[in-house]
Amino acid sequence: MTDAIGVILFTGVIAYAVFGGADFGAGFWDLTAGGAVRGSAPRSLIDRSIGPVWEANHTWLIYCLVVLWTGFPPAFAAITTTLYIPLGLAALGIVLRGSGFAFRKVTLRTAQQRLTGVLFAVSSVLTPFCFGGIAGAVASGRVPSAGGGAPLSSWLNPTGVLGGVLAVVVCAYLAAVFLSSAATHPYRDEALHLYFRRRALAAGIAVGIVCMAGVFVLHADAPRLFHQLTTRGLALLIVSAAAGLAALATLRARRPRLPRPLASLAVATVIAGWGVAQYPYLLGTHLSLTQAAAPDSTLWVLVAVACTAAVLIAPSLAALYVLHERDRLTSSA
Amino acid sequence: MPSASCATTVVLQALASAGEPSQLLPAREQMAFTLGFHIIIVPFGVAFTFLILLANHRGLRRGDEQAMLLARRWSKVAAVLFAVGAVSGTVLTFELGILWPGLMGQYGAAFGFPFAIEGIFFFLEAIFMSFYIYGWDRLSPWAHFWSGVPVVISSLGGAAAVVAANAWMNQPGGITMHAGRIVDVSPAKVFFNGAFWFETIHMLLAAYIVAGFVVAGVYAAGMLKGRRDAYHRTGFLIGFVVAAVTVPMQIFVGDLIARQVFVSEPAKFAAIEMLPDSGDHVPETLGGVLIDGKVRYGLPIPDVASLLAGFRPSTHIDGLDAIPAPVRPSDAGVSIVHLAFDVMVGASMALLALSVWFAWLWWRHRRVPTNVWFLRCAALSGVVALVSLESGWVVTEVGRQPWTVVGLLLTRDAVTTHGNLWPFFGATAIIYVSVGTGALLVLRALRRRWAAEGDEDVQVPYGPEAPAVSAASPEGRTP
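So the protein lines, in turn, are chains S and Y.
Residue 13 in this note's numbering sits at position 13 of the first sequence, and the numbers go up by one each step.
If you want this note's numbering, it's the position in the second sequence, counting the first as 1, plus 1000.
FYI, nobody ran anything at the bench for these hints, they're computed from the structure.
Please note that a few of the clues may not be correct.
[To be verified] Distance ranges between label pairs, derived from CB positions:
1) Y:1224 x S:307: 50 to 56 angstroms
2) S:249 x Y:1140: 46 to 52 angstroms
3) S:307 x Y:1264: 31 to 37 angstroms
4) S:249 x Y:1061: 49 to 55 angstroms
5) Y:1177 x S:34: 57 to 63 angstroms
6) Y:1360 x S:307: 50 to 56 angstroms
7) Y:1142 x S:326: 18 to 24 angstroms
8) Y:1440 x S:110: 20 to 26 angstroms
9) Y:1287 x S:307: 51 to 57 angstroms
10) Y:1140 x S:261: 28 to 34 angstroms
[What the hints assert, rightly or not] Computed footprint of chain Y on chain S, listed as stretches where at least three residues anywhere in the stretch have a Cβ under 8 angstroms from a Cβ of chain Y:
11) 60-69
12) 256-268
13) 296-307
Every residue, glycine too, gets a C-beta built ideally from N, C-alpha and C.
Take the sequences, apply the hints, and build the full model.
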């Protein structure tokens, strides 16, 4: 029962990492797109491709938080009392990102667009860094069961920084793959396709380098996690690497339907690897899922919520993505 | 001005008495500030969409082009507000953990799951909102209309779920505790707790009143400037009629709730009535403050509080003296609750009077009133409705103090003991003020463009784009 809730929670984390991650990564490319003239084409593509879907993608974060605090209340309190700094920064980053993006589209003057655009882009990098740091802190067991862990060194440590940097580059990679495919289909813009394909490749290489470095970092800093990842989680990590490379290859081969699912699979499996490596613990090796779990009756509510989500939300989301991919949702008024 | 200095004293006392654990004051201020911000957006997510669909339906059914134009423009406004609401709501979920770990860690198993249910509704709302906002012209007109209906329905469910959590804090039930930990939960009793139906219906009606009067107020202001065309009259009517029909229902429900609070939350009722001493023949005190346990400056109306609570002047009402001293609210807290209640009721009565005035003018003339004084009052009605909403929220939240979960968890035990919350609060305040200002500027810019051009080539966040010149050309960005 508790394990089922763990799966439900991790499904949310994966969905947020894949869908939300691509939106954050788009912000990274927005930030690095250059001056107002040079950057306007990629920025326009970013606006068009994340506009109709980012609200829905963002909701996965809420889903993760509510499942965590309902299913495993003491773990939630332990995390918030230890990691309140990255959580607070991420929360403010989310506000700035959402409203910065919103207002940029409405403002017409370049100076205003620049200000709101910078807010959107900077917070799109800051927020995933914080989330990655949080994941690193949790994974390396630096959140005490009773909470109140070290506010800075719990996440600003080798594993936390690795998590943060990895989150940023993975988001950038995902977004570049998504945008590059979107440029081919449905928008049919060869120059932008190449523009984002180059960036997808660069980001893919960056992810590879960070992962190589991560091997040493985790080996030294979080030996238990390292051991679990390289034994129980190894198969998932291999699938992840293979899918990540295949995504880049299919992008090059101009197979517009393949890169997105492959890149998503790469991210999903690496997150699942983290989950598998951590099992059966929620925090380090000191708080297990069972110890942190709410009473069964509450967990049943969560199961019901998850089933409802599968029945109602999954098809609605699928419809949203399909219509968006067919360019049915960028109408003129 | 004695009243102003009194108010200042009250606020200062409230600040002084709030700060027992060092984080309690910033945590309460931040929660009040961010919730107070978010609750302004809520009516637009919940009820404004309904108004849009009314206009849309009228446009489709009767071929009313003005109504159709209103629906299109309103959906753009809704897009801006929905974005602001989504992000400000997210901050609240973070704050529940960062500011109130005592609440979440201990009671998350009960208090938390209504939010999981809310998550489902919010998800649906976000998805169908995208269909509706982006679907103009690309979906068939009726399919597009129907894509908005789930937004209205799921916003009701989402609001109900959040209010369920709040109502549970007021009248907790459905849990079994053992050694300070929840060991069993009856989900139905937690969700449908004693206060659930009252608070939910009260909040939903409030949302419709606020959205209706704010919309009506915008077009009343336009009519005062001489724009009395069909477009403005239709916009005014849709908002005003919905709100005016809702106000009497709200007053009826509010009266029921007051008696329910009298029975089930006597401490809050004592604060609302600002009643130091238990007794019968209790007067209704209008205005005034509590200083050193004595009612000052108020206008007492004999027997009315007893009459309202139990229909007889001899009805006994528990005063603040019936609350054990360690958990008795401070004088300042009581004064705030009492004054907020008076403001809420006063504002609602003013809105009722405005609605009756409208009915009378309509009955006399059979058209949208052009009476200047009526329009002036109508132009202010949105602000008055918002003040009423905020006051009602102050009544329920401050009126629960010193408890976070009545009888189970004191606010001072719920608050975090780690770090320093002031910088977080400072940063949050700056960002929220900027976002609020930004949203207002954006809406004003939209209105100006509509007033100047009357055309539809306006881009909004997540809203319909201007006809794309080409998929990603630089020109594609500017309308």
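Hints versus structure:
1. Y:1224 x S:307: 50 to 56 angstroms: holds (53 angstroms)
2. S:249 x Y:1140: 46 to 52 angstroms: 40 angstroms Cβ-Cβ, so the 46 to 52 angstroms window is violated.
3. S:307 x Y:1264: 31 to 37 angstroms: Hint holds: Cβ distance 34 angstroms, inside 31 to 37 angstroms.
4. S:249 x Y:1061: 49 to 55 angstroms: holds (54 angstroms)
5. Y:1177 x S:34: 57 to 63 angstroms: holds (59 angstroms)
6. Y:1360 x S:307: 50 to 56 angstroms: At roughly 53 angstroms between Cβ atoms, residue 307 of chain S and residue 1360 of chain Y fall inside 50 to 56 angstroms, so the hint holds.
7. Y:1142 x S:326: 18 to 24 angstroms: Holds, since residue 1142 of chain Y and residue 326 of chain S (Cβ atoms, about 20 angstroms apart) stay within the stated range.
8. Y:1440 x S:110: 20 to 26 angstroms: holds (22 angstroms)
9. Y:1287 x S:307: 51 to 57 angstroms: Distance hint for residue 1287 of chain Y, residue 307 of chain S holds at roughly 53 angstroms.
10. Y:1140 x S:261: 28 to 34 angstroms: Since residue 1140 of chain Y and residue 261 of chain S have Cβ atoms about 30 angstroms apart, the given range 28 to 34 angstroms holds.
11. 60-69: It holds: at least three residues are needed, and the segment 60-69 of chain S offers 7 whose Cβ sits within less than 8 angstroms of chain Y.
12. 256-268: Since 0 is below three, the answer is violated.
13. 296-307: n = 6 at 8 angstroms, threshold three: holds.
Checked against the numbered hints above, the structure violates hints 2, 12; every other hint is satisfied.
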